[in-house]
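Sequences and hints are given; from them, build the entire structure.
Number of protein chains: 2
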Amino acid sequence: MIDNTYYNEADHGPHEIFKLGDFPLNSGDTLRGTKLAYKTHGVLNDKKDNVILFPHMYSGTSKSMEMFIGPDRPLDPEKYFIILPGQFGNGFSSSPSNTPPPFNMGAFPDIQIGDDVRAQHRLLTEKFGITELRLVLGWSMGAEQTYEWAVAYPDMVKRAAPIAGTAKTTPHDFIFVRLLEDVIKSDPAWNGGFYTEPDAVHVGIRRHAQVWSVMGVCQEFYKRETWREVGFSSLDDFNRGFWENWFLPMDPNNLMCMSRKWRYGDVSLHTGGDLKAALGRITAKTFVMPFGNDMFFPTQDCAEEQAMIPNSELRVVDSLWAHFAMFCLSDKDRQAIDDNLQELLDTTVK
Amino acid sequence: MIDNTYYNEADHGPHEIFKLGDFPLNSGDTLRGTKLAYKTHGVLNDKKDNVILFPHMYSGTSKSMEMFIGPDRPLDPEKYFIILPGQFGNGFSSSPSNTPPPFNMGAFPDIQIGDDVRAQHRLLTEKFGITELRLVLGWSMGAEQTYEWAVAYPDMVKRAAPIAGTAKTTPHDFIFVRLLEDVIKSDPAWNGGFYTEPDAVHVGIRRHAQVWSVMGVCQEFYKRETWREVGFSSLDDFNRGFWENWFLPMDPNNLMCMSRKWRYGDVSLHTGGDLKAALGRITAKTFVMPFGNDMFFPTQDCAEEQAMIPNSELRVVDSLWAHFAMFCLSDKDRQAIDDNLQELLDTTVK
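Protein chains in written order, with the numbering used here: chain A, 3 to 352; chain B, 3 to 352.
These are computed hints drawn from the structure, not numbers from a lab.
All clues given are correct.
Copies of the same chain are indistinguishable here, so a pair counts whether it falls within one copy or spans any two.
Pairs of lysine-lysine residues, derived as DSBU-like cross-links and limited to a Cα-Cα distance of at most 35 Å, are as follows:
#1 Lys278 <-> Lys225
#2 Lys352 <-> Lys81
#3 Lys225 <-> Lys65
#4 Lys65 <-> Lys81
#5 Lys160 <-> Lys225
#6 Lys278 <-> Lys170
#7 Lys50 <-> Lys160
#8 Lys278 <-> Lys129
#9 Lys170 <-> Lys334
#10 Lys49 <-> Lys81
#11 Lys160 <-> Lys65
Below is the structure:
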C-alpha cells in the first residue's frame, strides 16, 4: 500500500467517508472494505428536494469540480445541497493507492462506471434518505456517471447535464484511452502495476501527458498559441507546465483504474447492448453539452446520443480549449457553461 | 549497417540510383556517399516538357505511389515521364539502414525536406536535363516536398498538387509527430538507435502504430466500422492487421529520419520565417487538396496556406478514411483524387 502524498486533504480539502464494507462489483468481484469519499456544500432541506450530484472526471478529485460552486453561480450552496462523490480510483475513495494488500496496486479489481453509481446511490439513499435529484451533472467521466445515473435511476434524476462525455464509449475513444494506458505501461518501472513508488513511473506518466497534449485540446489551439493567454511562454513550456504538471503527481494505478472504467463505459449494459433502449429510459430533462473541437468526444458523437434521449436538448459550448473548456481558463467558457446550467435548473419538470 | 530485408527490389520493384557523392546538407552536416534511389515510368520526350514528379510519404517508398499511374489514369505513362524519387530515409535512398559506419543507424545525420528537394533537383537537371515540371504532386510528406519544390524552384514547377499536407508543419502536427518518435524510443531495445536488429524494437513500432490508429483516420470511421469494407473482422483485427502490419517490417531509424524531416518541414526557411512571402513565390497553378476529417492536416490548416498561394484553388476530398484516403481503399476516393489531378493537368498555364 503506497501512501501517495498527492492525495491529501490539505490540498484537496476535507472529505467525508461513507463505508460500504465488502461491495459486490458488476464483474462478480468484490471490492473489500469499500470507502466512498465525498464532499458536500450547502444544507439538505427538509423536503430533501434541493440535491445536486456532481461526480468528477478522470484524474480528478471532488475538489476539481468545486470551482463551479458559489453563491453567485448556478450551483449555489445557499439554495442547494451539492454532493461531490469521489469516483473509485481517485485516491480518496477506494483506490489502488489506498487499498491494503492483497488487493492493492496492480491487484486492485476492475471497476465499472455502474459500480461507482451504485455506491453513490447507496450513499444518497442510506446516508441521507434522498429519493430525488434536482440535477446530476458531470464532465467527461463525470458525464459518463451522469448518463449512468439517468439510465439506472430514471425516477430519481429530474435534470441531467452530461458535459463533454458519452453514454457509451465510442471505438475511437476506446483506442485513445487504451493508448493512454499503454504508454504508462511502456515504462519498465511500471512492473505490472507493482512499482517501487509512484514517481518511479514518471517517464510513463510524462508520455501519457504527451498523448493528452495531442488529443486534449485542438489543432487551432496550438496554431493560435492560445496557451499564451494563461501565462505559458512556449509550446514546451505549456507541454510540460500544463500537461505533465497536471498528471505527474498522480498514482499510475489510480489513473489506470479510472481509465479502464472510461474505456468500458456503456449504459447499454442495462439493456443487453441496446443503446437506444437504454437512453430511452431517461426521463430527466437533459442538456447534452459537448464542447466544440473536442477530439475524443466530438459533437457529432454526443449529438447522436442526444437524439435518442426523449426530453433532451443539444447545447454545444464552442471553445479552442476543446475538451478542457471545463477548466474555465477562459471566462467565456465559464459563462457559457454557467448559462446552460442556470437555464436547466430553472426549467420546470414533472 | 543493418540490411533490413524489408527494403528489397523483389517487393518494391527495381530502382535506379543517382549518386550525389558527399552531399552538403542544409544543417551544415554532410551526407557521405549519397544515393538517391528513384523509379521512372514513361519516356522523356524531346522537348523535355512531359515530366511529372511524384515524391512519396512518410514510411513509404517510390512504389507506394505507383497505384496512381496507369494508361487510363491522369498520370498516364504513355503521355508523361513520371519520376518517383525516394526520400532520404526510405530504405532505398541514403538511409540510416543502408549507410555504412560511422554514419549508420543512430548516427545518421539530420535531414531536412529541403535537402531531399535539392537532391531531386540535381537528379532532374544533371541526369536528365529537365528544366520544366508539368506537375509536382505528393501526399502527406510528399505534399511537403511538393510545396518545397514550388517555393524553391518556382520557375520550373508549372502545376502543383500538394495532397493532405502542409507547407509548414503546424504546432499540433509537431507534437503528434514527436509523440510518434517518442513511443518508438520508449522501447528499451531502441538503445539510442543502436538496436541489435530492427525487429528487436517491435514493441515500440507497435506502439507507434497505435498512435497512428488514434490519429490516422477519424472518429466516425471507427464508429461506422468502415474497416469492415476492407475485410477486417474486429477493431483489433484492423488495429493489428492494418496499422501494425504496415509499420512492423520497417527500420525504426528510417522512420525516425523521415519523421524528423516532417516535424521541421517549413518552406518559410527560404524567407526568414515569413510563410506568406514563401508561398507568395509560387507561380505554379496549384490545387491544394486536403482530405476531409484529417486529424493532423485539417482542412482549415490547408485552407489558410492555400489563401497565401497566388494561383491556387482549394479542393477538399471528403472521406472517412481521412488522411488515408490516398490509399484508395474506397473507389470514391480514387475517383475524386483522379478527377482533380486530371483537371489540373488539363489546365493551361503560362
